[in-house]
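Number of protein chains: 2
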Amino acid sequence: MGFWKTWFSSSESVATNKTTAFEDHTRGDKGNSNAVSDSIVFSTERDIDLYELEELCDAVGWSRRPLRKVKKAIEHSFLVASMWQVRGNKRRLIGFARATSDHAFNATIWDVVVHPDFQSQGLGKALMKYVLKKLRSEEISNVTLFADPHVVDFYRTMGFIPDPEGIKGMFWYPQ
Amino acid sequence: MGFWKTWFSSSESVATNKTTAFEDHTRGDKGNSNAVSDSIVFSTERDIDLYELEELCDAVGWSRRPLRKVKKAIEHSFLVASMWQVRGNKRRLIGFARATSDHAFNATIWDVVVHPDFQSQGLGKALMKYVLKKLRSEEISNVTLFADPHVVDFYRTMGFIPDPEGIKGMFWYPQ
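Top to bottom, those sequences are chains A and B. Reminder that position 125 of the first sequence reads as 125 in the UniProt record's numbering, one-by-one numbering, no gaps. Reminder that position 118 of the second sequence reads as 118 in the UniProt record's numbering, one-by-one numbering, no gaps.
Read the hints as simulated data drawn from the structure, not as lab findings. Each hint should be verified, as a subset may be incorrect.
As the list claims (entries may be wrong) - Every beta carbon over 12 angstroms from chain A, so not counted as near; a handful from chain B, in silico:
| no. | residue |
| --- | --- |
| 1 | S39 |
| 2 | V70 |
| 3 | L132 |
Claimed, not checked - The following label-pair restraints were derived from C-beta to C-beta distances:
| no. | chain 1 | residue 1 | chain 2 | residue 2 | range |
| --- | --- | --- | --- | --- | --- |
| 4 | A | L67 | B | K72 | 19 to 25 angstroms |
| 5 | B | P174 | A | T44 | 17 to 23 angstroms |
| 6 | A | G166 | B | P174 | 46 to 52 angstroms |
Backbone N, C-alpha and C fix where the C-beta goes; we use that ideal spot for every residue, glycine too.
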């Protein structure tokens, strides 16, 4: 499939053997050379199945959004990062994040999601590290996001500071 | 000049006669039909003289940034809004703002500046109204910004809410 061809060209596999957090040997016998082992792969490919992405967002309870708009948002994001569980020749979308940017100074990260089955295993952190690495490689110096209250501490551990020097994140609502 | 030609096609003049805030008759005799009257014009034209923009940013004390990067940021912003004082056939850049966006859901406003000579006259508010009108016309529902402490109240009067529902603006710094 065209998807796989282009996808692998812009994807990175992490931790193909050593890092326990990113490997799952529970399904395979380590002594068996035919054992199927899972790996976690990151990609910046934009050609994501929108229904698969919607399913992922459903799983964390997000409100549904028109796929037409999601498609447009992906097209016009500066960075689109996805995280996949790969088992044999099957892959499953288990994480997603994207960023808008002026391609020069600022980037803002949106829509960070990790499937509940894969949370609390360090994968959210791995996804964010991947995003930050990609943004830094583009010389973006100011990386920002708007964090829901329950994930503020998570982002803090990643090096994000809330309200630095009193700078306030603000949202506009029509008066 | 090409600039003027393209510029007027995408610009909007506000308050050509009635609104005091946007007209300055002090230089002209109202009884004299040759009187020169100032008007304030808004534009979304991107072809802005980078040196003129730098001068405007200098006037408010911002740190200088490489013009190469400023150019790139303007090119990749979703919206570039400028405010001009027009007197006869002369124009002067007196305000600027831009926004990054995914063209679908979110926009983030950056680099809002009004020349000190033109502050406290409602022009910052007029510029922001222009920006918000443009973003709304593109069906962007979530308009955000990061406000320095001394302008939080200004943005509050425009309908911006800090930390709505506990959502925190966060900035990343490498650990």
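Do the hints match the structure? See the list:
Against chain A, the non-interface label of S39 of chain B holds: every CB pair exceeds 12 angstroms, the least being about 26 angstroms. With 12 angstroms as the threshold on Cβ separation, the claim that V70 of chain B sits away from chain A is violated: the shortest Cβ distance comes to roughly 7 angstroms. Taking the minimum C-beta to C-beta distance to chain A, about 7 angstroms, the non-interface status of L132 of chain B is violated against the 12 angstroms cut. About 31 angstroms separates the C-beta atoms of L67 of chain A and K72 of chain B, a value inconsistent with the hinted range of 19 to 25 angstroms.
Distance hint for P174 of chain B and T44 of chain A: a CB-CB separation of about 20 angstroms, consistent with the stated range 17 to 23 angstroms. Checked against the given bound of 46 to 52 angstroms, the beta carbons of G166 of chain A and P174 of chain B, roughly 21 angstroms apart, lie outside it.
The earlier numbered hints that this structure contradicts are 2, 3, 4, 6.
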